Amino acid sequence: MKKIVVEICLGTTCFVMGGAGLEDFMELLSEAEREQVTLKPSTCIGLCKDRAYGRAPYARVDGEAVAEATPASLVSKIREVLGK
Amino acid sequence: MQCQNNATRIKREILIRLLELFNEGKLQTEARQLPYTMYPKGSADVRCCIYKDRAVSRLRSIAALGWAAEEDIDDSKSLNEYAREALERTALSGPVMTVLDIACQGCVNNRYYITDVCQGCIARPCMVNCPKEAISIVGGRSIIDPDKCIDCGKCKSVCPYNAVTKVSVPCEEACPVGAITKNKTGQATIDFALCISCGRCMRSCPFGAVMEKSQVIDVARALRSEKEVVAMLAPAIVGQFPAEIEQIVTGLLRLGFDRVVEVAHGADTTIRKEAAEFVERMQQGEPFMTTSCCPAYVQTVKKHLPQLAAYVSETATPMHYTALAEKERSAECVTVFIGPCVAKRQEGFEDSCVDYVLTFEEVGAFFVAAEIEVALLEPTEFAEPPSREGRGFAVAGGVAAAVAVYAGVGAGVEPESINGLEARSLKKLELYARTQHASGNLIEVMACEGGCVAGAGAVAVTRSATKAVEDLCRVSCSITTKP
Chain A
38 MKKIVVEICL GTTCFVMGGA GLEDFMELLS EAEREQVTLK PSTCIGLCKD RAYGRAPYAR
98 VDGEAVAEAT PASLVSKIRE VLGK
Chain B
3 MQCQNNATRI KREILIRLLE LFNEGKLQTE ARQLPYTMYP KGSADVRCCI YKDRAVSRLR
63 SIAALGWAAE EDIDDSKSLN EYAREALERT ALSGPVMTVL DIACQGCVNN RYYITDVCQG
123 CIARPCMVNC PKEAISIVGG RSIIDPDKCI DCGKCKSVCP YNAVTKVSVP CEEACPVGAI
183 TKNKTGQATI DFALCISCGR CMRSCPFGAV MEKSQVIDVA RALRSEKEVV AMLAPAIVGQ
243 FPAEIEQIVT GLLRLGFDRV VEVAHGADTT IRKEAAEFVE RMQQGEPFMT TSCCPAYVQT
303 VKKHLPQLAA YVSETATPMH YTALAEKERS AECVTVFIGP CVAKRQEGFE DSCVDYVLTF
363 EEVGAFFVAA EIEVALLEPT EFAEPPSREG RGFAVAGGVA AAVAVYAGVG AGVEPESING
423 LEARSLKKLE LYARTQHASG NLIEVMACEG GCVAGAGAVA VTRSATKAVE DLCRVSCSIT
483 TKP
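From first to last, the protein sequence lines stand for chains A and B.
Heads up: the first sequence begins at 38 in this note's numbering, then just goes up one per residue.
Heads up: the second sequence begins at 3 in this note's numbering, then just goes up one per residue.
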């Protein structure tokens with residue numbers, strides 16, 4: 038089965054605005070869910086360039102952008118994609 | 003609560019926006035717009051209404067510009083005016099922490115409260131076990147008489163339904179020395195005669211009502227000046243940004259720093275001097291010695307445990323030795339310490355060799371405002387790397403271990419680590435001073451649990467920051483084998 042790719046933006050803006058703790062989302066997933074997810078740290082994905090810092094940190098789940106990402110919001114996005 | 007929450011994000015956003023305005027030369031003409039840019043008409047409220055959000059962000063900006071929110075008596079004073087004064091000042095002075103009164107929620111007092119989960123059971127263990135007969139049954143449910151309650155928590159521990167909850171004031175709970183309390187109007191205030199500048203209230207407040215007076219504008223001005231500006235990087239820097247330490251050096255040079263040095267070099271000096279001091283003190287029959295590099299601990303001794311002062315090492319901190327070496331190299335240079343620590347700013351105010359102190363969070367704001375992608379930068383190598391032990395100062399246990407390694411087996415170092423200042427560890431230290439006896443003979447005290455990597459101004463989460471420091475130490479040379 039094709040795995041869900043979770044890209045966490047490690048651009049300076051996202052990292053400073055809270056991206057530093059995002060990788061913790063993996064711990065919130067069940068073991069079965071974790072097997073279906075690939076974590077891919079990424080250099081700046083460019084979404085902050087409209088200068089809306091308030092919306093960073095960004096991540097992408099299966100290509101779809103998540104603004105103001107938190108470990109919990111990534112988990113719910115992943116579950117949403119898994120449920121499709 | 004680590005640094006990842008919305009209160010921290012808002013604070014960082016303000017630092018970034020102010021630095022951007024500075025970079026564009028618009029700080030003293032457009033700073034007053036900042037609350038309106040952040041909360042434009044029609045935006046969703048964070049607090050009760052948009053006007054409060056704007057008023058709080060104005061106060062946050064005042065602190066970020068380096069001023070005490072407590073001194074904002076006239077709230078019609080424009081941020082432009084504050085910015086102009088910041089651009090003209092020659093120096094900042096303490097105290098470091100500041101409470102934003104209107105941001106403070108005025109949390110209800112610390113107390114135990116019985117929720118409606120209470121079943122009004124007939125066993126009534128809460129009532130039976132309460133030592134003050136403070137609990138009665140009203141309308142089939144337990145209630146606590148606050149006048150009789152002594153906050154012992156027995157009712158909470160015995161309730162089979164977990165119906166008892168402790169309502170707490172986070173800043174008061176977090177402060178290890180009782181310096182922050184609520185005033186008559188219910189708002190938090192800091193007694194600066196007691197405050198040790200550890201920054202824990204700032205990190206714990208869910209409303210972000212405590213901030214530090216920032217020196218970002220002062221540093222931004224220095225970077226624009228003709229003077230040589232030196233960045234002094236604390237050992238905890240690795241892992242704070244998504245880049246190698248050598249890339250961070252490049253980033254700092256891009257920001258306009260002329261020279262970047264590792265404070266771990268100063269730590270090497272601290273290790274050598276502190277090891278010699280330890281041996282001397284033990285020869286004189288002293289029972290123990292404590293370390294002196296944590297500024298919040300040093301302030302704790304000064305303000306709360308003066309009886310311990312005689313046992314605190316007189317060796318200066320890595321920051322001091324690093325700054326001293328720079329000033330000796332060039333008396334004209336501007337020294338900027340960059341670290342995870344809020345209390346270091348207080349230490350900096352009192353050390354004539356240290357001009358400014360920035361936290362990692364503030365450096366992060368500099369990078370963002372200048373649009374520097376640290377992960378994509380070319381590395382700049384250090385000419386001469388410091389020792390493994392010096393770099394290890396950033397993690398709890400590292401300082402005592404370093405002194406032990408340098409002093410050698412014959413010195414008989416028995417290290418003990420006080421990892422985090424709180425009521426219990428303060429009591430322990432008080433006992434050590436009173437009985438003139440401790441479990442070890444070299445007591446390392448770190449105000450933050452985990453060491454400097456867990457400081458209030460850190461960006462990265464403590465776990466990954468600790469790992470990054472340990473990884474760097476592993477590939478560094480020991481102080482005993484260095485020439």
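Hints in this document: simulated from the structure, not taken from any laboratory.
Bear in mind that the values here come from a model prediction, so they are computed numbers and not experimental data.
Beta carbons are placed, not taken as given, at the ideal position from N, Cα and C, and that holds for glycine.
Some hints here could point you the wrong way.
Straight line, CA to CA, 30 Å or less: simulated BS3-like cross-link-like pairs of lysine-lysine [claimed, not checked]:
hint, chain 1, residue 1, chain 2, residue 2
1, A, Lys77, B, Lys54
2, B, Lys158, A, Lys86
3, A, Lys40, B, Lys469
4, B, Lys43, B, Lys184
5, B, Lys134, B, Lys429
6, B, Lys184, B, Lys134
7, B, Lys305, B, Lys186
8, A, Lys86, B, Lys184
9, B, Lys186, B, Lys229
10, B, Lys158, B, Lys430
11, B, Lys134, B, Lys79
12, B, Lys275, A, Lys86
13, A, Lys77, A, Lys40
14, B, Lys184, B, Lys79
15, B, Lys469, B, Lys275
Label pairs and their in silico Cβ distance ranges [as the list claims (entries may be wrong)]:
hint, chain 1, residue 1, chain 2, residue 2, range
16, A, Gly120, B, Gly180, 49 to 59 Å
17, B, Phe384, A, Gly120, 33 to 43 Å
18, A, Thr80, B, Gly180, 29 to 39 Å
19, A, Glu72, B, Ala312, 34 to 44 Å
20, B, Arg91, A, Lys86, 31 to 41 Å
21, B, Lys430, A, Gly83, 24 to 34 Å
22, A, Glu70, B, Glu135, 30 to 40 Å
23, A, Gly120, B, Asp260, 51 to 61 Å
24, A, Thr80, B, Glu26, 53 to 63 Å
25, B, Leu428, A, Glu72, 21 to 31 Å
26, A, Glu72, B, Asp149, 55 to 65 Å
27, B, Arg91, A, Thr80, 14 to 24 Å
28, A, Pro78, B, Ser332, 51 to 61 Å
29, A, Glu70, B, Asn8, 34 to 44 Å
Hints, one by one, checked against the model:
{"no.": "1", "hint": "A:Lys77 - B:Lys54", "in the structure": "violated, 40 Å"}
{"no.": "2", "hint": "B:Lys158 - A:Lys86", "in the structure": "violated, 50 Å"}
{"no.": "3", "hint": "A:Lys40 - B:Lys469", "in the structure": "holds, 28 Å"}
{"no.": "4", "hint": "B:Lys43 - B:Lys184", "in the structure": "violated, 33 Å"}
{"no.": "5", "hint": "B:Lys134 - B:Lys429", "in the structure": "holds, 26 Å"}
{"no.": "6", "hint": "B:Lys184 - B:Lys134", "in the structure": "holds, 26 Å"}
{"no.": "7", "hint": "B:Lys305 - B:Lys186", "in the structure": "holds, 24 Å"}
{"no.": "8", "hint": "A:Lys86 - B:Lys184", "in the structure": "violated, 42 Å"}
{"no.": "9", "hint": "B:Lys186 - B:Lys229", "in the structure": "violated, 48 Å"}
{"no.": "10", "hint": "B:Lys158 - B:Lys430", "in the structure": "holds, 27 Å"}
{"no.": "11", "hint": "B:Lys134 - B:Lys79", "in the structure": "violated, 52 Å"}
{"no.": "12", "hint": "B:Lys275 - A:Lys86", "in the structure": "violated, 49 Å"}
{"no.": "13", "hint": "A:Lys77 - A:Lys40", "in the structure": "holds, 12 Å"}
{"no.": "14", "hint": "B:Lys184 - B:Lys79", "in the structure": "holds, 26 Å"}
{"no.": "15", "hint": "B:Lys469 - B:Lys275", "in the structure": "holds, 28 Å"}
{"no.": "16", "hint": "A:Gly120 - B:Gly180: 49 to 59 Å", "in the structure": "holds, 50 Å"}
{"no.": "17", "hint": "B:Phe384 - A:Gly120: 33 to 43 Å", "in the structure": "violated, 50 Å"}
{"no.": "18", "hint": "A:Thr80 - B:Gly180: 29 to 39 Å", "in the structure": "violated, 46 Å"}
{"no.": "19", "hint": "A:Glu72 - B:Ala312: 34 to 44 Å", "in the structure": "violated, 59 Å"}
{"no.": "20", "hint": "B:Arg91 - A:Lys86: 31 to 41 Å", "in the structure": "holds, 34 Å"}
{"no.": "21", "hint": "B:Lys430 - A:Gly83: 24 to 34 Å", "in the structure": "violated, 52 Å"}
{"no.": "22", "hint": "A:Glu70 - B:Glu135: 30 to 40 Å", "in the structure": "violated, 51 Å"}
{"no.": "23", "hint": "A:Gly120 - B:Asp260: 51 to 61 Å", "in the structure": "holds, 55 Å"}
{"no.": "24", "hint": "A:Thr80 - B:Glu26: 53 to 63 Å", "in the structure": "violated, 26 Å"}
{"no.": "25", "hint": "B:Leu428 - A:Glu72: 21 to 31 Å", "in the structure": "violated, 47 Å"}
{"no.": "26", "hint": "A:Glu72 - B:Asp149: 55 to 65 Å", "in the structure": "holds, 57 Å"}
{"no.": "27", "hint": "B:Arg91 - A:Thr80: 14 to 24 Å", "in the structure": "violated, 38 Å"}
{"no.": "28", "hint": "A:Pro78 - B:Ser332: 51 to 61 Å", "in the structure": "violated, 40 Å"}
{"no.": "29", "hint": "A:Glu70 - B:Asn8: 34 to 44 Å", "in the structure": "violated, 26 Å"}
Going through the hint list in order, the structure does not satisfy hints 1, 2, 4, 8, 9, 11, 12, 17, 18, 19, 21, 22, 24, 25, 27, 28, 29.
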